[in-house]
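**Student:** Residue numbers (the numbering used here), protein chains in the order written: chain P, 1 to 344; chain C, 345 to 668; chain Y, 669 to 1111.
None of these hints come from the bench; they were simulated from the model. For every residue, glycine included, the Cβ atom is placed at its ideal position computed from N, Cα and C. A hint or two may mislead.
[What the hints assert, rightly or not] Among chain Y residues calculated to face chain C with C-beta under 10 Å, some are: (1) Thr703; (2) Ser829; (3) Arg831.
[Claimed, not checked] Here are the in silico distance ranges between beta carbons for each label pair: (4) P:Lys208 / C:Asn507: 54 to 64 Å; (5) Y:Gln869 / P:Gly58: 40 to 50 Å; (6) C:Glu390 / Y:Pro734: 48 to 58 Å; (7) P:Asp246 / C:Gly609: 24 to 34 Å; (8) C:Arg565 / Y:Arg845: 54 to 64 Å; (9) Y:Ser895 / C:Glu564: 48 to 58 Å; (10) P:Gly338 / Y:Pro734: 51 to 61 Å; (11) Y:Gln1014 / P:Asp335: 47 to 57 Å; (12) C:Asp530 / P:Lys208: 50 to 60 Å; (13) C:Asn507 / P:Asp335: 22 to 32 Å; (14) P:Gly58 / C:Glu564: 17 to 27 Å.
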Amino acid sequence: MQKLKPARFLDPALDRTSIAPNETLSHDQLITWYRTMRLARACDKKLGALYRQGKIVGAVYLATGQEAICTGVVSLLERNDYFSTVARGLAGWFLRGVEPRHVIARWLGRDVPPSHGRELGLFFADIEHYGIAPYHNGSMASWIPSGAGFALAFKIRKQPRVYVAFTGDGATSPGDFYEGLNFAAIHKLALVVIVENNCFAYSTSTDKQMPVENVADRAPAFNIPSEVAFGNDIFEVRRVAKRAIDHARAGNGPYLVEFKTFRASGHGEHDDMGYVDADLREFWEQRDPLRLFAEYLDGPGGLGETAVKAIDDECTQVIEDAVVWAEAQPEASPDTVGDRLFAP
Amino acid sequence: MAVITYLNAISQALRGEMRRDENVILLGEDIAVFGGAFKVTRGFLEEFGEDRVIDTPISESGFTGAACGAAVEGLRPVVEFQFADFIACAFDQIVNYAAKNYYRWGIPMPVVFRGPSGGGFRGGPYHSQNPEAWFTHVPGLKVVQPSTPYDAKGLLAAAIRDNNPVIYFEHKHLYRRIKEDVPDEDYVVPLGVADVKRAGSSLTIVTYGAMVHESLAVAERLSGEGAECEVIDLRSLSPLDRDTFLTSVRKTSRALVVHEAQLTGGFGGEVAAIIAQEAFDVLDAPVTRVAALDVPSPFAAALEDAMLPTQEKIYAAAKEVLEY
Amino acid sequence: MPQMGESIAEGTIVNWLKKAGDSVVRDEPLFEITTDKVDTEVPSPAAGILVEILVREGETVGVGTPVAVIAEAGDDATKRSSTEAPPSKTEVIPPVEKTVNEPDAHFRATQSPQLVRPRRELKKTTAAGPEPRSRSFSPAVLETARQAGMSLATLTGMRGSGRGGRVTKRDVEEHLRQHGPSGGLTTSSLGADDPLPPPEQYVYQPKPGDERIQMSAVRKKIAHHMSWSTRISPHATAMAECDMSRAAELVDTAGQRFKADVGAPLTYTVLVAQAAVKALGEFRTLNASVVGDELVVKPTVNLGVAVALPDSGELIVPVIREADGLSLAGFARAIKDLATRARSHQLTPQDVQGGTFTLTNPGIFGGLTGTPILNQPEVAILGLGVVNKRPVVVDDAIAIKPIMMMSLTFDHRAADGMIAFRYLACVRQHLETLHLDPSTTPV
């Protein structure tokens, strides 16, 4: 088996083991983002356990290691901007106010909105309450075209709103990636595509996925700007994503950002990641986004170890309570299986 | 009232709905500047502007997905596939996104996909197909197929006003051949309601699309021979109006199902199965289907005629059922 | 007029570039047209003289319509080439065989069977098959016949108007209009196990205040048997009076001794049973069953005797086996035995099976007579009225005699009135000529 070497994977220019903002941020902001990421991590850990306990029917897919990207990007969005992501962007859902207990209840197949047992916890859409737009999961490229459609509606209505599609390295292979970006670029639509390049599409490494070094190298085909950045540094995520969002909001068309990161758990929890070299894991463990963020808060961020620990403990407790609540929710009644096929 | 073609009726419905609701937009290849490969949208760009009449790149999945997204955001996009054959390129967006969205999230997606379908004019394998059965198999999609200008106008208006994805197959061979008096004002033909195009008591012919006209011609010929056929135009395949054809079969005890699409896995099999199950006690002859042969649509005239259901084939099958 | 695009049905001549009499070169622009989709020049399909223009400028014609005639150079007027689009599909419906019998052997060899088969079927099915189809009936035919009570025999006997003589629903309706449901009802009448519920107007809707009594299992069985019996058989009842003077005398004078000797009472029932069985020896077709088109005559008489159970009033019919072999004493003992066991509910299933003829006695309740219902699958049942003294005319004088009315219900499929009345006369004869000494009564 060909194993990826860290040196081949992460450009030295992106490589760092400590992080710091280049903007003025309040403690409240820092705590909010850290807590969001930690909540996602705690939730994932619990979901992994629930899966191993047979509580989750079907598979479970976690976001471990990718928390900084969605947190950083969503922290920049206006309330009426839309984004779409699978559960790899769990922290992004949380930052928009989605409750952990609802997320867990959905993984358990309980009768909670908006899917009422019809969709697994991997997916989530609720425009009305959270501005999280519906997408489909034929491939993770499938919502680049629909994202262009949301942005088309914004443009026709002359609204300065942005749609952000979070997707992955594997999703840049299907035609929808091209068709969606092509359409958006022609019409200069406010579509920001965030590619979380986490080294693997299921088990297929990026060198088997694409003939280019970076996903961002594909952008010239659409004559749109693109950037490559380090996705485990929330401050860098914010720096780069801000340029992308501002560009799109200003009516200049789509923007492609590729964040290098690492999927620290399997494709799903049924995947033991036997195809990943131990060196690579170790390399990324040193660059875990929560570790980097916590070290910053402990040190230069000025929050202190105790405060960080308190947040961690609180998040663990929130998730424990969420599980209790979720398990108490009823399963969807079989009588409802035929309901809501068509909108009135 | 004015006598207009089937094609004009589609244009009228589009124009009427675009005037009625500013959320209605059009997307498709060559629809704006050129007015569409069949000229359905001739003059639309001038009237409604480029924000609402959008020439797309050749990327069916891309603009279909975009239409779906825009529909979720409250627009009412009408997508034109230049030929229904090319809808295959957008299959994923239609069956995996549009069809399932409301069931998954309870978020409506009011989008219409227009597919100029059907053969009979030497279009060959990629300009002649009738792909309705690909979609009637998918829960969450509505599928309609008008046969007359009146229905074409009313069904399209209803499709655009519906809050769900609707696939609207319009038969190219009817575009300029079929004309009738159509009200000038807006009206709708409700989705899911079949129409008795000719009443009769000897045999029920269940059909839709272009085959309605072939079936009516056969019914006329058989009438001269003393057999009165009832011709049911389904108009909507999904939702399906079972009652109308079941009521008819209970009257006639004999059923012939006719469509232009290929036989195997065609929608006629569904109709035949429903009749067999729901009206078994009244049947006096085997439920029989007339459809295209199970081959791609060939180009050469002799081959295409051999492949398509023709009046002769429908007549022969109708006689078979009548005389059984 | 050429077809300029998939959906184009017609075109308009805008301009003729040649006039009649001009010579034209092949592919030389000949005229201009406009259609819904394009405006274009049309090149000449042939070289020669433009003999005639058929469609003038400004005229709109359908695709495929000839617009001009070109006489090819050196040809006579009969060889013309029309500027015509390829024939449209309605004109060219190639005979099916033509494609299949294409001389190209390779083409034939590579034809997939799926391609050829539907055509062959189509051809075959358009001709009426000469050989009759098997006698199977469609659901519609069976349902229509069942609702009308038409028998399977009738249906089977019909010649239908369908392919190969198949009976169609319309044939059944036509038959019913002309003949009604009959043609002879049989025991294999349709839907024997699933009678239709009666029409609503014949069903009483219980009202408050009515007392509703659930039928017992026996009552339900009786109801079922009686309903089916009348559906299966056309019932007719023959009646005759019988002078029971001799029987009365015999019972009066010898009854005591008979009972002491035999252990069972000598009753009118016993005497009539013997007479009835004796008479069956002469009228064997009343000791029979109808099966299809056959009358099946039984070799012995198993005599059913209807017994009313005093507690419930329900009816049971135990059977005296091989009654034609019994003496009077045998009849008396058998009847006593069955009646006793019936009333004490000790009959076995075998006791009530296998009857070939039944005796019923409404007279014990004072009834003058009755019209019994056949005990299927038997074809006759004899009912006995009360024995009453009545004034009768004997040799032009009025006399007082004990008279009994007998009624014989018979299956009119198996027998006619003549047989029924002659049978009753025979029974009467036996009863009116009884020997006074029961011991001398022939066995």
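**Student:** Quick check: which numbered hints come out false for this structure?
**Tutor:** Structure breaks hints 4, 5, 6, 7, 8 and 14.
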